[in-house]
Structures are given as structure tokens and as C-alpha cells.
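Asker: Since the structure of chain A is already known, use the hints to place chain B on it.
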Amino acid sequence: MSVTVAGSVGAAAQVVLVGAGAPLLVGLMRQVRARLEGRAGAGVLQPWRDLRKLMRKQPITPDGTGPVFRVAPLLPAATALVIAAVIPIATTASPLDGAADLFAVTALLALGTVALALAGLDTGTAFGGMGASRETTVMALVEPTILVSVFALSVRVGSTNLGAIVTSTLHEPQRVISPVSLLAAIALAVVTIAETGRIPVDNPATHLELTMVHEAMVLEYSGPDLALVEWASAMRLTLLLGLVANLFAPWGVTGASMAMLPLAVAAYAAKVAVLGGVLAAGEVFMAKLRMFRVPELLAGSFVLALLAVAASFFLVGT
Amino acid sequence: MSLTGAAFAVAMGSSALAAAAGAALPRRARRITAGAGTLAAGGAAGVAGVAAMAGRSWGTWLPDVLPLAGVRLALDPLSGVFLAVTGAVAVCAAVYGVGYARPGKEAAGHGPGGLGVDGRVAQAMVPLFVAAMLLVPAAASVSTFLVAWELMALASLLLVAAEHRRRAAVAEAGLWYAVMTHLGLVVVLAGLAAFAAEAHGETFAAMRAASAGLSPAVRGAVFVATFAGFASKAGIVPLHVWLPRAHPEAPSHVSALMSAAMVNLGVYGIVRVGLDLLGGGPAWWWLLVLAAGAVSAVYGILQAAVAADIKRLLAYSTCENMGLVLIGVGACGFLRSSGAGALAALALTAALLHVVNHAGFKTLLFLAAGSVLHATGTRDLDALGGLRSPMPATTALFGVGALMASALPPGNGFVSEWLLLQSLIHALPSGGTLAAVTMPLAVAAVALSAGLAIATFVRAFGVGFLARPRTPAAGRAHESPPSMVTGMAVAAVCCVVLALVPGPVAGGLSRAVAVAVPGPKAVTGPAADAGTLHLAGLPSTMSPLLIVGALLAAVVALAAVLRGAALRRTERLARRRARPWDCGAGPMSARTEYTATSFAEPLQRVFDDVLAPETDVDVTPVAESAYLVDSVTYRARVGDRVEHRLYRPVLAAVAWAGRAARPLANGSVHRYVGYGFYAFTGVLVALAVLR
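So the sequence lines, in the order shown, correspond to chains A and B. Note that the first sequence ends on residue 321 in the numbering used here; no numbers are left out. Note that the second sequence ends on residue 1121 in the numbering used here; no numbers are left out.
In isolation and in its complexed conformation, chain A is listed as follows (with noise of 0.2 Å):
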């Protein structure tokens, strides 16, 4: 691992597109929804009116709440970032590279929601203990589903480091065409719907005491500090759509080029816009699942990250 100039200008370009683009991707997820459903909806940019809306209230802190409620925003928000450091989103030269590899990403994802889940336990409220608890039910029944495929993505490039993950597809574009990633890639695609609180695991936009999951958990936050949490959970969907689609389709990314650099970032907004807009059409013709029917569509997604690791071996191992 060489740190050079060229990636660390691509992982901060990473961190910068993230930061800056994911509120506009929730904006055009929200406007492809209001144009098939017959609306005219609010514009792309509205996610960052928003943002700058929250950001000039004043915080509010519940009664009975101490440090913890105060702090845990920062974290899922610099997680994120940091994650948006590591992955390759535009670069596969990132410094951070060798610093975490899939593992260490999702598991830092997992911290983000700790910290939210224990603010919302921390209110007192039974709103808050109840969405916490959703959450890390959810995430806990997640976490079979997204190693499981990561074994099967690392299997033929004997490495869980990302960078080696992405480079090995760039180089060696055919052995995307093959079972283990379709399966894969469908668990991946699951697990990145439950992670990020979509429909049908859940639904952003509700505010239903019976159905709330991730939005019950963040009830009491009001400002700034709702600010923050939204801008978190808008990257951690970029980052996860942006993960699926350079994991399985590299193309653009590129090494420790720095005249490719604003090719590749543009390649990823691309990725990224597309898988947002058929998550969002896809959305309106759904409706959200039961909580206790989650589990089951996460079983599906485990016995096909199952699959696929099966199918690394008896196809490539022989």
C-alpha cells in the first residue's frame, strides 16, 4: 500500500461527491417516485433545502436525555465519511484501502446504527425503545446475508480488500458473467434495501407509529441535529448502491490516474442514479412488508449468499 498524490485526491473526491451528491440522490429517488405516481414532486434539490432548513432551527434536547443522544448523530454521519474514504468509488488507490476491507466497512455501517439505536433508548420513549429494537433486529438477521456474500465475492480473488475485489473484476471482466455473482448480487441487492430502510423492509417516508422502524428510532431529533441524521442515512444509501454497483460493475473506476478521475466520478453518479431510480420505481409498485414477514425475505437472501459460495467452489474450484 503506497499512499500517492493521485489517490488521495480521488479519496477526497469520494468523500466530496458522497457528502455533496447523496441528498441529491434522495431527491431524485423521491422525484421518480412522485412522476409515477402521477405528482409533480419537489424538484432534486429539495433534500438540500431541507438540510439547510434543519440546519438554521434551533436544537432541541429531550428532557431526560444526557450525552449520548447529544452525540450520536456525528457518528453514522462520520462513518460514512469515512467509509466514503475507503470504498472504491472512483479510485482503487485510496490510502485508507488497506485500512478496511469489506468486513470492516460493514461493520462500521453497523456502528452508525448503534449509536442511533442507543439515542433512541436513550430518550426513554417508547417510541425510541421500539424503533431501536427494529433496528438492530434487522441488522442483526442482515449480517449472515452480507458476510456470506462477501466470501463469495472474495473467493476468486483470495483477498476481502475492495481495492483487490474491484481491480480483479477490471481486469477480468468476464468472471462477472457467472451464477456466483448473479446470486450475489441478488443477496447484496436485499441486504442493501433492509440496511438502508427501504421498501419493503421499511418505509422512509411514514410517520405511523405501527410501521415506523428507522424513523421511530430518530423521532426526537429536531435541527441540526436532524440534519445530520438525514445527510447520514442519504450517504449510507449512496455508498451501498454505489458499493453493489462497482462490486459487480466496475467499469469507470480507475487506479492512480489523475486525468481519469473526472471520468470516473461522473461513471459512478451514473451507477449510482440509475440504481436509485429503479429502486425508486420499483418502490411504487410495493408495499411494505410486515416486520415479521422481514425475516423471511432476509432467509431468501441468506440461502442465495449460500448459493453463491457453493457455486465459487463446484464452478471455478474444479
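These are computed hints drawn from the structure, not numbers from a lab. None of the values given here were measured: they were computed from a predicted structure.
Just the calculated beta-carbon pair ranges, DEER-fashion:
#1 B:Gly650 with A:Ala290: 53 to 59 Å
#2 A:Val306 with B:Asp1060: 46 to 52 Å
#3 A:Val306 with B:Val551: 50 to 56 Å
#4 B:Leu982 with A:Val306: 37 to 43 Å
#5 B:Arg1065 with A:Ala290: 34 to 40 Å
#6 A:Phe295 with B:Ser860: 39 to 45 Å
#7 B:Arg906 with A:Phe295: 34 to 40 Å
#8 A:Phe295 with B:Glu1044: 18 to 24 Å
Coverage of chain B stretches by chain A, computed from C-beta distances (three or more under 8 Å per stretch; other residues unrestricted):
#9 887-898
#10 972-986
#11 1032-1040
Beta carbons are placed, not taken as given, at the ideal position from N, Cα and C, and that holds for glycine.
Answerer: This is chain B only, laid out in the frame that chain A set:
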């Protein structure tokens, strides 16, 4: 005498002195003297262990101490690991115990203060227990090993029963523990005795030399017998039933010693006998170990996730972590049998590192749980909450421990689980079809237990310490005395160091791993920069130090940006306090808070088939009308399904056999003499026929 031997002798001497002081001195002096002696013993054992890990092996034979065989001791790097871990746990527990055993002002019915823990027996047994745990890894012959093993069991049994006058559950826990540990001793004794008889020598050196010449059937029988005995000590499902009873009922510093140090010796036994003395074996042995570990990991953490008692939760988490360690040990043996020596070394490094890490955070968590018990008099999570303002130090330290235990990035549990996953993932190409089937399942078991561990510790910390007090007892909590906080803080510092710079520790384990997996050099070699873990021969890397650095930088930057934004509008800087959202129903009482039971409900429902929770609803109508409800009682309990399904029938059968045999013993001496006569004649006849 070498440094190792001298330090070990000091450890033995000071624990003997401490035990004598605990038994002889008056109440006030005994606590501090015994604590200081245990502290010295732990420190010296730590020095001896680290010296042994560094390659300064030491051995001795004391022919006069025990009749017939004498005491044979040897410290090699593998023993050193367990010696150092036990010593470090003993240091924390000794410091903590001085404050914990102090007779409280409110000794009558509130806090575990005065009764039992500061009595002569308990005070003398703590150093004796530590000494026995130090002797077990140092033993170098079957007789010495078994004597130390039984001494450890008896000392811990007396400590578990220390508070038996206060709670009925203690006596029951002690009984379960006594029976299970002695059944374990019987199988270990049988296995090792058969091994020693076949090897024509009872020293470990002789057995190691002779093991290759034994028949596969004998080797298999020896392995299975010793594995069963050692697994029951390590709390592996389904032999774990004593653990979630005994560990919670023991005084908290003893719980820490048992859960962080004693269970490790079960792992030590498996590694020593299976990998070292027997020199590895066929793949099925190790798949058995791996399967037992995987079942234990998932079942243990599932029970922990729904446990309402904070110490029971921690005890089940011990089952989980020992399961993870056995996954590593099993993978090591399996890979060794399929010829992948370097990967086998990686798997064992991961397992031993997890032993070290688990000891660190479990000591911290049990001590913090004891501090809560000390302050509130309850272990029930549903009755706690709001401890962060009255007990800030305990809350912060438990938070650190929970982070470490939930295998999240800036934690030491994450480091060893990462290594474990790496060894499992890379086993695929070299392990053949068997590995292709087992390794993904092992990875899934590790992942599920990691995910459930997060839920478990979010629940333990979030419900137990945050929010508002759920009962008046929790509201009256107070911070523990400095000695208890110091004991916890030492453990926390150890955990943080292990989490941030795992390189030197993982590298230091290489000699211990080489004892069990000779041949290729251990995989975790080059620790040029201490913060990054490089695996020799594998491209994966991970750097906890860089991750933490990047996280801190991001948090500071975000906080600065937020503050900057606020400073520009100074009139809005102050945070306003307001009531939390109560749906307009007015201020909410503590009863409306989410409890630990409600937090675990979704998980309990998802794993309904495994946990089989029992609920009981009693509705009492008022006398005038069946439709008006006077009171509702709701009882929910999640029992141990394994215990219920596996042990209850056996216990029932034993009780039935006992009742059935009662007519045989009617008190008549003639009849007993007659039994003796017939039995003796029968043996003689049998001998005459068979010879």
C-alpha cells in the same frame, strides 16, 4: 532459576500467603491483605506468562510434593498465554474485590455487601482459586494436571456457594455446577488415564512422544472423552447448563474470574491434548469441535439476547465467545489435517487472540455488572435504567466493554473476529469439498452471532444504563468505591490497547501457536507498523488504528462544522430543553419506557422455534361481571431449551431409578452383608469363567 520460574514461584507463594491471610486474619484486615496477595500473584503470573510466551520456557519436577508421581511443572509459550491471561484477570478482580467485599452500610437486604463475600472461606478461596488456575496450564503430567483441575473446581465451587444464605438460587446453581464439573472431571480423567496407560508414561513429554504409535480407535476415544470434559468447562452447548446458573450467582469478581479465566482452561485442554499431545487427528475430530463451537456461538448469544438478568446475559455471552474460539480451534485442526499449515496457524492465532480479548472485555463487563448490583441491589435489566448520572464511571466503563464485546470496529472483539473470518474464508481452496460445505456455514454462524451480539449489548447498555430509572432502586444508585472503579479501569485500558494495537499481541502469540501447529511459520508475522494487521501470504489487511484515527478526524470535523454554523447565529446556539414527544398525554412515567423484555421481543418472536418462550396470562374479573377486568398478571419466561429437553428427562430417569432402588436399601445390615457377599462371589465366578 529463570525469570519465568522465579515469577511463577512468586505467584504461587503470594497466593498461598494471601489464602492464609484470608483464613486467619480478622475481618477488617483480611480483605485488604488477601486482595494485595492476589494482586501480587496475578502480577507475577502475568510476568511469568509473558516471559514464557517470549520463548523462555521453564520446567521443574518436585517429587516430594505429591505422593507417587510428584508435581511436574513446565511452562511453554502455549501455557504462557493462559497464564498471562489468568494473571491479568486476577489483577483486576483482586483490586475490585477489596471494595466489593467491603461490608456495606446498608448490609441488611440491600447490596451484596456484608454477607458471605467477606467471610473467611470466600476470602481464602479467591487466592486459592487463582493459584489453581495458574497451576492448570503449568502442569506437565496427568496427575499434576488433574489435581490442579480438581482444586480449581473445588475452590470455585466454594466461591459460587459463598452467598448461599442470601438467595435460594445460589444453592441450586452450586449443585448444578458441582455435578457438571465432576462429570467433566470423570471423562477427562478417563480419557487422560487411558492415554497415559497406552503411552506407558504419564508425563506430557512421554505422551507426546508415544501418541503417534497409538491405534486410531484409542486416539479417537481419548480425544472425544477429553473434548467432552473440557467443553463442559468451557461452557459449550449442550454441556453449558451449569454456566448460566453458576456465573451469575457467584460474587461478581469471582464471576469475572470464572468467565474470563476459568472457561479459557477448557480451551487450553482441548488445544493441549488434541493439537499438541495427540498431534492433531483426522478431520472428523475437528469438524466435531467446529460444529460444537458454531452451535454454542449461535445458541449462547440467542439466549443472551433475551436474558433479563444482566449477569445471566453475560454468562450466555461467555458461551457464545467460547463457541467462537472453538470455531477457530476446530478450523485449525481441520486445516492442519488437510495440509494447510499456514492457514491452520492463522485460525489458531485468531482463536487464542479471541481468548485474550474475551478475557479483557468479559472481566470489565462482569465487574461493571457487579458494580450495578452493588449500587442498586438488582440484576434485572427491566428494573434498571438511568444509571448514567449517578454512576458515570461505571456507565462509561460498561459502555467500553459493550463496544468491545459487540465486535464493532474500534473494539478488540472485532479484531479477533476479523482474523477468524479471514482464516475461514481462505480455507476454501485448500480444504476441498468438505471445506466448501462447512466453511460458509461457519462464517454464517460467526456472522449471526456477531449480529445478535450487537443487539444484545445495545440492549444491555441502552436499557440498563441510559434513559430514566425504571424503579426507585435504580434511582437511588450511587457510584462504587474507588477500588472497584480502579479494577474496572485497568481492564478497560487493557481492552483499548488490545483493540488499537493488536499487532504485537497477535505476533506474540506466534510461539504459542507453533507449539500446537509446528511447521510453517505463523501467518501473522510482520508487525512493522503495530496498528495494521498483515497476514503473511494473504493480501487482506486491516488497521484498527487508522480506522479509529479516520473516525475521530471525521467526528471532530463534523462537530467543528456544526459549531461553526451555530456560532454564526449566536442567538440560536443554546440548546432548548423540552419534553419528549408523549402524544400530548402529558409527562410520561417510567412505566411507559421500553424495557429489556420489550426490546428483545422481535428477536424472541423471530427465533420462536429455538427459544420456545413460555408466557402465562391470568385475567381476574371483578366479582360483579365477567367482562370487567380487575387485574391482569402476565408472566413471561425464556428457559433454556437444551436444559429442558436434554437434562430434564435424564434427571427424571435418575430420580425414578432412585425411587425404584429404594426397596433394596431397607436398613437391614444382614441384607447389605448379603449384597456384598453375592457381588464378591459374582466377580469371582466371572473371573473364573473369563480366565
